[in-house]
Amino acid sequence: MIWVNQILQGVLLGGYYALLACGLSLMFGVMRIINLAHGDLAVLAAFLVWLLVAQGGMPLLPALFVVLAAMAVLGAVMQRTMLERSLRSGILVPLLSTFGLSIVIENLLFAQFGADTRSLAPAIDTLAYDSWSLTNDIYVGQLSVLIFVVAVALLTGLQLLLSRTALGRALRATAENPDIAELVGINSRAVYAIAAAIAVVTAAIGGTFLAMRATFAPYAGPSQLIFAFEAVVIGGLNSLWGTLIGGIVLGVAQNIGAQLDPHGFLIAGHTVFLLVLAARLVLSSELRSRLRLRREYSP
Amino acid sequence: MSLLAVEHLEARHGLLQAVRGVSLAVAEGEILALIGANGAGKTTLLRAIAGAHRPAAGRILLDGADVTALRAHRRVAQGIALVPEGRWLFPGMTVEENLLVARASRRSGPWTVERVLDAFPNLRPRLKAYAGSLSGGEQQATAIGRALMTNPRLLLLDEVSLGLAPIAVERVYQSLERLIAEGMTVLLVEQDLGRALRVATRVACMLEGRIVLEGAAAAMTREQVTQAYFGLGRDVARGAAS
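Line order of the protein sequences matches chains A and B.
First residue of the first sequence? That's 1 in my numbering, and the numbers climb one at a time after it.
First residue of the second sequence? That's 1 in my numbering, and the numbers climb one at a time after it.
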């Protein structure tokens with residue numbers, strides 16, 4: 001029963017990872033940017049919500065929406081002023097510039113708020129620890145379930161946006177080829193800015209949930225980024241459902257690892273990530289050689 | 001007034017000057033065929049008109065309005081659509097999505113998915129197929145359909161027969177000739193001289209970045225064009241152009 005419990009908790013944890021990861025996945029999918037500041041943007045949003053709620057006395061939901069709106073603007077501005085320029089200089093420069101942005105955000109937060117760890121748990125009252133009991137042995141935290149539901153809803157929404165709407169078609173077309181997208185009338189710069197805004201908003205949602213379920217501090221971003229990054233790689237790039245599955249696989253692996261050994265949480269997660277990564281590399285080279293064979297024999 | 005006017009256009013690829021001071025005009029309803037050897041600057045000229053290549057000098061006017069400084073998507077909104085050489089569909093999207101995505105500029109006009117399917121009936125059964133899985137002819141039809149979905153006033157066609165089987169070329173040109181009969185203004189690049197002379201109202205021959213011969217298609221002989229094409233006896237070609 002303990003294993004069922006750990007797997008269930010792992011699935012719910014995976015929802016949180018998927019929430020953090022979907023923005024990373026979207027940004028890579030559309031702009032080919034690996035945003036190393038993604039975790040720090042999540043933490044920045046957590047600080048902003050905390051500032052409005054714990055310091056400013058605002059109710060949580062309105063504060064969250066204010067912050068999400070601000071983060072959307074920040075995402076678009078970041079794309080227009082920084083990422084767009086760095087994209088013109090090849091694939092390495094965006095990596096470096098988001099790394100720089102990550103350091104800037106961390107140290108600005110540190111300068112402003114100090115090194116104290118903080119949490120939004122007090123702001124959500126009993127939701128922080130309330131749970132539903134499924135059996136005598138298995139309890140699920142209400143907040144964990146809420147995070148999972150929000151993650152699934154957000155991923156479904158993003159998937160529908162991409163597959164069903166004109167904006168989604170423009171996003172996919174620009175992702176495939178921005179120059180040709182321009183030639184069919186798509187403003188690729190605006191599409192990029194929208195994609196960045198959406199990605200940063202999802203990071204902000206993830207960061208707010210981080211603040212509710214645990215604690216956060218100015219330098220907490222990279223440790224969140226690594227889980228998001230692993231979820232994206234396990235699930236496969238360019239697939240939002242893959243990101244959810246990747247998050248769940250990571251969460252389950254971590255929880256099973258923790259059950260096996262108190263140190264197993266991180267080790268098991270990283271091991272699964274490395275195994276999947278290695279398998280992908282082997283499979284993709286095999287796939288490529290097979291495709292090459294087929295191409296040679298087809299007329 | 002001409003719908004498209006290009007004035008003293010120069011375009012470079014780094015140090016290579018691909019287009020050297022080209023001026024041309026296309027009137028409403030006219031079909032201008034650009035011919036010339038590989039590397040003569042035809043594709044660069046078309047891309048510069050569409051906004052995909054930034055010219056080094058010169059002006060591009062659409063219906064008298066200067067569009068030289070506009071980015072490509074703004075020119076699409078003004079009514080210029082390019083069918084690029086090599087077709088360049090979005091392979092991960094279906095035929096239908098490739099057509100619908102071209103509604104981004106929201107230019108009003110008669111073109112709908114249904115009308116594109118009427119113009120290219122071979123696309124009808126392939127509507128939900130991914131563009132990457134199409135045959136060359138179907139890809140070309142989709143590429144032209146995608147350009148038409150922007151409701152262009154001026155259609156730029158770059159080597160639509162390139163890499164297609166003869167029967168597919170025939171089918172594409174049948175559809176194009178129907179478009180032309182409906183009054184579409186077209187600037188096309190075509191390697192097949194016979195086809196270019198038959199479809200076009202006017203022909204311009206490019207050599208090394210310049211237009212060396214220009215005139216009504218009906219009045220032009222194959223010999224004149226061949227000489228201009230290869231740069232043989234340039235004086236003869238100039239004489240014919242003036």
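Everything labelled a hint here was simulated from the structure, so no lab data went into it.
Keep in mind that this is a model prediction, so the values were computed, not measured.
Be a bit skeptical, because a hint or two may be false.
Stated by the list, open to error - Selected chain B positions facing chain A (Cβ under 7 Å, derived; list incomplete): (1) 52; (2) 90; (3) 130.
Just so you know, even glycine gets a beta-carbon here, dropped at the ideal spot from N, CA and C.
Now the hints, each set against the structure:
A cut of 7 Å between beta carbons decides the hint on residue 52 of chain B: the least distance to chain A is about 6 Å, and the hint holds. Contact between residue 90 of chain B and chain A, as hinted, is supported at the beta carbon level, the nearest pair being about 5 Å apart and thus within 7 Å. A distance limit of 7 Å between C-beta atoms decides the matter here; for residue 130 of chain B the minimum to chain A is near 12 Å, and the interface restraint is violated.
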